[in-house]
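K.L.:
Line by line, the protein sequences are chains A and B.
Residues in the first sequence are numbered consecutively from 1, following the working numbering.
Residues in the second sequence are numbered consecutively from 1001, following the working numbering.
Source of the hints: derived by calculation from the structure; they are not laboratory data.
This one's a predicted model, so the numbers in the text were calculated from it and none came from an experiment.
The beta carbon of each residue, even a glycine, is placed where N, CA and C say it ideally should be.
Careful, some of the hints might be misleading.
[Claimed, not checked] DSSO-like mimics (lysine-lysine), calculated; alpha carbons at most 30 Å apart, straight line:
no. : chain 1 : residue 1 : chain 2 : residue 2
1   : B       : Lys1774   : B       : Lys1697
2   : A       : Lys2      : B       : Lys1055
3   : B       : Lys1095   : B       : Lys1774
4   : B       : Lys1126   : B       : Lys1055
5   : B       : Lys1290   : A       : Lys75
6   : B       : Lys1697   : A       : Lys55
7   : B       : Lys1580   : B       : Lys1531
8   : B       : Lys1199   : B       : Lys1255
9   : B       : Lys1451   : B       : Lys1578
10  : A       : Lys16     : B       : Lys1112
11  : B       : Lys1451   : B       : Lys1437
12  : B       : Lys1009   : A       : Lys10
13  : B       : Lys1531   : A       : Lys2
14  : B       : Lys1580   : B       : Lys1655
15  : A       : Lys10     : B       : Lys1561
16  : B       : Lys1238   : A       : Lys55
[As the list claims (entries may be wrong)] Some residues of chain A that are not near chain B, with every Cβ distance over 10 Å (derived):
no. : residue
17  : Lys2
18  : Val6
19  : Met22
20  : Ala30
21  : Leu38
22  : Ala43
23  : Glu54
24  : Ile65
Listed below are the residues making up each chain.
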Amino acid sequence: MKVFSVLGTKQTFVDKGQAAVMTLFFFSGAVLKDIFLLLVIPAVVFTVTFLIREKIFSGSPDWWIFVLRMSGGGKIRYCRQQRDLIGVKNEEHL
Amino acid sequence: MKSIFEMLKIAAVEDNFILTSSMRRFSVWETEGADCYFLSPALQRANSFFMREVKEGTTVEFFTVIRGKDELVEERCSSESEPVIRQRLGFLRRKGVKKSRSFFVVSSDMPKSGAPADAPDMNYHKNLVQSFEMNARQSDTSEIKELLFELVSFGGEMKIHPEMSIREELIQKQCSATPEYFKVGGTFCKVLSLKFMPKETFPFMIPRIIDTFSGNFSYSVSFTVLPQSRELLSLEAKERFYIATSGRGAAKNAKETDELMNLLTVSKHKIGFLSAKIVVSESDPLLLEKRAEEISLLMKNGGFFFEEETWGHDLEFFKSLPSLMSLSERQIRALSANFTDMFPAARHGHGDFDGRSPLFLRNRFGEIYGFDAGSSKRNNKNGSVFGCSGSGKSVTVNTLIAHTFFPNINSDKNFPGRIFIVDFAGAENSSYLKMVKLYGGVFIPIDPSGKIVINPFPKRSEVCVNGEWNSSALNFIGTILDIVLEIREKNMNADLFRNIVSKAVRSMYAAKEEPVLGDLPDFVEDEDTEKAEIIRRLLCGFLDDPVSKTINGRSTVDYGKQPFVIYDLQGISGLSEKLKELLTFIVIQEAKRSAFEITNSFIVFDEAAQLIKDPRLADLIEELFATARKYNTGVWTVTQNFLSFKEAALSSKIKINTTTTIFLSHANDEEAKRVIAEDFGLSEAEKEAFGSLRTVKGEYSTALFRTQRGAELESEVVRIELSPFDYAVATSDKEENRLLERFAGIRGLDLIDACAEAAMLAYRKDLFVMDAIKDFLGDKI
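So here's chain B without its partners, still in its complex pose (with noise of 0.2 Å):
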């Protein structure tokens, strides 16, 4: 039997460091990468570095370690109490959720027989990682240690005795080893090797070809910078021993040498010796073989040939560990910008994953993102959300509601806040009726029946306090008469007809301490008693219209308890459009008076936002967006008509106000893609991105998520798929609700947990949860 320590050149890991046994200093660096989807991040600097100042004999790595599951998930899961959230994690993990970490490893030492007397020059190791422009951080030894462990025992616990040795510490496995693989514990693993590079290397090539890939694997490369003079020395006997011999490639090969001196003289690139390895594992070897391959396959697509190490699987893998992959023969001479072009790691986002109560989604990559509507990484809680219809735009706010919003609102159970969202769909096609009816509301039809009564006059102490007037309350029931009056120029004449009004109300508000529309005609007085007559005549001709009913008197509007609160605006649909824009208008200073007064709430305005063509109605509402943050809430927009959302005034008061954004599909209305990509500067990589979103029902839709964290932008493609108990939820199919409330019906359960059990049918039986509940209600449908 051999020793398998033998194989493991490492002597230490101590100070920071990881002391191969010909005694080099690798220092450890875990870095985030560079996001190179959405953004064009370039290696100029590092290419600089290695042109002017790396030294000969310099080691450096790129690792990329990719796994299947998630840590941060797992511990999450495991210790979750919200019970919608926990479902949905495992939901996630059962989908499978990769992690992909990425590290450099560097080392300046040459190998030596003895122990290096001098200290390392972390300085240069330190500028050479920050010349990538990349978050990066030192690794401390626990950290270096920990990722060995997992690369060499692929993970476990790393429990050790004082007398074992590194080797021994980090190979805790029983380890053998196959033609075809070798295998450490429970996990088979084989290595590639590179062999063929493409004609030509561009920055992150890599990542676009990896990160697709899923599985368990990682992927290094090394580069070891040569004696430069003998390296020149050899390329010049190359060139006149390719130039005396005679035949086609010699030419070829005379030609390209003669290319590369010139540019070397020019660029001062260096030559080094490049080797790549993919490591891939798995529980199973004939899953092994079928990933091996498809990953050669990836990689064969982008112009490189990895190949396996058939009888030397095991020497290999000690070979492609961190700081040891110089020792490996598959070496092939390369320059240092082919190197920095390999570089494996790209920035992915994964958005508030690690928040209080997120959304917890996949990015397109397989791994964790996470929403979190209160997150105070942002400026404000302000989003929007765009996608066509059929996009899933009902479906997504909802789950935004349930998995987010909610549990935002009850983060304070002794001062819980509200969800307010005003709509126009009628009590018939509202599809946040649902939400009503899951967790409790209040569902508020407005029309003019004056069955519900919204008074926008505030109480006096809200408009005069201690003798002072306060403006912007004036300014607002200022702007509501005007509508009302239609005085709507701006001349001295309109002037004079707003200054008796300003009076009247004064006057109003002196007298009565909640005032109502209707007590407005008996204040209107003026020297200019022609002007004041049109007033009143002007009020009493409103007031007799039904339709001021829904603003004249006191408040009917009572809340209650209940944490959701739908303002339906179906029934004005039938108005003129200043009454209808007016309504509106006034539906949203009582949702944000409302808000404002409990804090920690939301607002939805679905579709709403579009009838505020009035800049001065913008202007108020725009208060909204930006002093929202001040009362701890949030406001959102949820618009299927970009063309006619952006010709309302409040369009770009919303965008400059807003920190999130969500994109869905937008199918294949290709001028509304065009205006959206310019209205929202998106760049090319995310006029793509948006461009190739996608909803197939019943199964998942891919959103494009832009989130803003004081200056920095994140943008993130992501699946948002739903688990049975999440669609049972979020669905706003009129028939699907039907056969759910016949469902809890029968059951006699409420519909919360009627969703739940049906979530559990559908898994039991495999099935699309809706299926499951067709096939359970049989002829009951």
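Pulled out of the complex, with its shape left as it was, chain A reads as follows (with noise of 0.2 Å):
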């Protein structure tokens, strides 16, 4: 069966990293009443990571944890010792 190219990949508009960078400039213009905080940056940091995540990270949506891992280098550590509190159905099982 032929592949077809057409219909393309999977692709994000906005993602969590873009949304919580605009937000904070948002809360912060409304709080201090100022327009260009308020609208124009958000829409500046929206266009500038927007680019940043197509033509950088080839449009993956993770590109932020990318960029704090690089800015952060080294190894990353998991810890096992929290609880794993999951509050599903089976919350009685905890």
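Now that you have both chains on their own, put them together as the hints suggest.
P.N.:
Structure below.
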């Protein structure tokens, strides 16, 4: 069966990273009553992060995680000490 | 420090389902896969299911998990008491035995925030899985947990505490991540995600790529059916966009979109998100790099571009697990037919790997394969071995004898069986004499000297019981006398002679308890005195010939309690064709009589079958093949020259009465290969496999095993690799055996212990076993 590349791939318009930064500026603008912070900066943030995501991270919506990791560097060590509270129907099992 | 548990989006594993954090229930089905190498399984039913019955929002995942260790082999190795089998398993373990398991994972639930209220539609799940027409069995809760534990924690023992959540149960090793890998306990792993697909997919293309890869990895592919109306609208919008845009790329895209929309209108294939991942794992990071690169290259050769998730191995690792693949952002839109083509599970042959006394081998994929000559799963224990000179035929047969025939005849210590071999090689060249020296046996040279006598006449009690004549026994005697007296025609005159002979035989049995051929002339009497006289004179003429001494007299063959008996017929090679055939036939009947008497035996004809040209004799020998099962006996033929074997009257009878055929390399004998392929009705795939068989002396040979279980025929290409001990036991090379005997003599050991010691030397010095012996012997060679 032929593979139809026109079908494309899954794309995310606004990812969590973008949303988080835009929200921060949005609320800052709301609190400080600065229209620039409220509207313009979020739009700029969206555009810049969109371009970063598409051009540098090939559209990966986890790009912001990679940015944090690249700037943090080193090994990530996971902890298994915390209790896992999954909060679903079998809560009675906990 | 981050908590690892939140990365695993599984809420529970219960009621035989995986429940994800988005409240989707996934059922898990373990499958054997389909034999895409020797058969041509089609996926039409599966494609048809996707076209007509699949619901939007359904997610289907395929998983294949390959590990470089087989638990069954490990268990068998530690529990096996038979030392020959144990050493063989140890040898194969050191070589590396792969284990492959395949699964379907299905959900028809949509993501929700609360727990699902309705019961899952199990019929739908079952129908979807069954549409692939492969044996599949739903896994229960404990099996699902075991699978997830294997995938998440890479094995080990799963110890749980009642207060643990499912995620705590599954993630029991320390985890850490670097840009280059994700580490779980002592295992390093890399995740590769599919980035580009080939231009075209076809069924079972993935097994043909990954089955040859050696290493620990898992391959997974998932498909989530999208809302079709929205996808079609999107396609229409794209088509309009491409048409409106100028440029070469736009025109090409517009054409492709139009082609796709036409296809969807006609065929109803579904559009969905397809995601594929490979997780490679090793205990050494350098080896991990190498393996990841190898598999990436293999997939690229097949047209699939998988790229490493650098900086994000840990993130994608938890999106490569069963039920979680749809969470990955690495999704490609594809058709359901592309997805079914990417099914990774090919069924590989394993033979009787779980048998009581199998010869353990590895199939061409590196997985365990067993051949148990005494398996009751086949209709009979008969088999054939075909291989040209130098293909390793003698070594293969000796290995079969040592590993599976011999343990089988000794399965009942109180009533052991025997292995009878009918051979033409002579004491100097017999490749079976070694077995006699190793395990004890009797070598019986048949020649015209009369030193060995085999009486073809059974005792009276076998021919006449309570006044009733055994017609089968009389038929047998009649056929022998026909050949002796040269009564070949089928006409009235010939029948008159036969009647006189038959009457004489009965009279002889009436008078004698254990008659011999020499007694017969005295009982030849008839009203037609002329014919009777002719028969008497012919009989006396034959009895005067020295060659008759071999069949005139009481049997002098004494097997004792030896497990091996070799009848060697080299001594009759100078005789006429008629006598050669007669003596071969009588020897075969003697072997049959003895084998059936003690039961649980094997009879091996090495080239002997080809001497049987007379159709009457062939009919009688066919009875041996057809009835051996009743006496728990297996009959094997070993043939080097297939073209002359085919001319023998027995060949077609052997074919229909054997359930195992082993083909070894036929090197450059294209004519033999063509005739064999035609004669045995080999499929195209089997022909190709047969044509590619090869032998590397001292190292390995590849063989095509074809075994019949009921109506099912299993074909598999296996590697016959011998450990130092196996080689020392099985070699038929005269010079090598001389060195072995010299070694045994100097060390003061019997031959079997000498083989074991030579093997130890070979392991210690890391040499080929014969080189280790030569090294030890030095100038004493």
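K.L.:
A separate judgement is required for each hint: does it hold in the structure or not?
P.N.:
So, going through the hints one by one against the coordinates:
1. For the given pair, Lys1774(B) sits about 17 Å from Lys1697(B) by alpha-carbon distance, which is consistent with the 30 Å threshold.
2. Distance hint between Lys2(A) and Lys1055(B) is fulfilled; the C-alpha atoms sit about 23 Å from each other, no more than 30 Å.
3. Restraint check: the Cα-Cα separation between Lys1095(B) and Lys1774(B) comes to about 25 Å, which is no more than 30 Å; the hinted pair holds.
4. Under the criterion of a C-alpha separation no larger than 30 Å, the hint pairing Lys1126(B) with Lys1055(B) is consistent with the structure, at around 14 Å.
5. With a C-alpha separation of about 21 Å, the suggested pair Lys1290(B) and Lys75(A) falls inside the 30 Å cut-off, and the hint holds.
6. For the hint pairing Lys1697(B) with Lys55(A), the CA-to-CA distance comes to about 57 Å; that exceeds 30 Å, so the pair is violated.
7. Between the alpha carbons of Lys1580(B) and Lys1531(B) the distance comes to roughly 27 Å, so the proposed pair stays at or under 30 Å and holds.
8. Among the hinted pairs, Lys1199(B) with Lys1255(B) is consistent with the structure: their alpha-carbon atoms are about 15 Å apart, no more than 30 Å.
9. For a cut-off of 30 Å, the pair hint linking Lys1451(B) to Lys1578(B) stands: about 21 Å separates their Cα positions.
10. Restraint check for Lys16(A) and Lys1112(B): the C-alpha separation of about 20 Å stays at or below 30 Å, so the hint holds.
11. A distance of roughly 22 Å separates the Cα atoms of Lys1451(B) and Lys1437(B); the hinted pair therefore holds under the 30 Å criterion.
12. Annotation: proposed proximity of Lys1009(B) to Lys10(A) holds, straight-line Cα distance about 20 Å (limit 30 Å).
13. For a cut-off of 30 Å, the pair hint linking Lys1531(B) to Lys2(A) is broken: about 83 Å separates their Cα positions.
14. This hinted pair checks out: Lys1580(B) and Lys1655(B) have alpha carbons roughly 23 Å apart, not beyond 30 Å.
15. With a C-alpha separation of about 76 Å, the suggested pair Lys10(A) and Lys1561(B) falls outside the 30 Å cut-off, and the hint is violated.
16. A threshold of 30 Å between alpha carbons decides the hint, and for Lys1238(B) with Lys55(A) the separation of about 22 Å falls inside it, so the pair holds.
17. Annotated as non-interface, Lys2(A) brings its C-beta within 10 Å of a C-beta of chain B; the closest such distance is 5 Å.
18. At roughly 5 Å from the closest C-beta of chain B, the C-beta of Val6(A) falls inside 10 Å, breaking its exclusion from the interface.
19. The Cβ of Met22(A) sits about 19 Å from the closest Cβ of chain B, beyond the 10 Å cut-off, so the non-interface label holds.
20. At roughly 28 Å from the closest C-beta of chain B, the C-beta of Ala30(A) stays outside 10 Å, upholding its exclusion from the interface.
21. For Leu38(A), the non-interface assignment is confirmed: its Cβ lies about 30 Å from the closest Cβ of chain B, beyond the 10 Å cut-off.
22. Every Cβ of chain B is farther than 10 Å from the Cβ of Ala43(A); the closest lies at roughly 24 Å, confirming the non-interface assignment.
23. Interface exclusion of Glu54(A) from chain B stands, the closest Cβ pair being 13 Å apart, more than 10 Å.
24. With a closest Cβ-Cβ approach of about 7 Å to chain B, Ile65(A) is found to fall inside the 10 Å limit, against its non-interface label.
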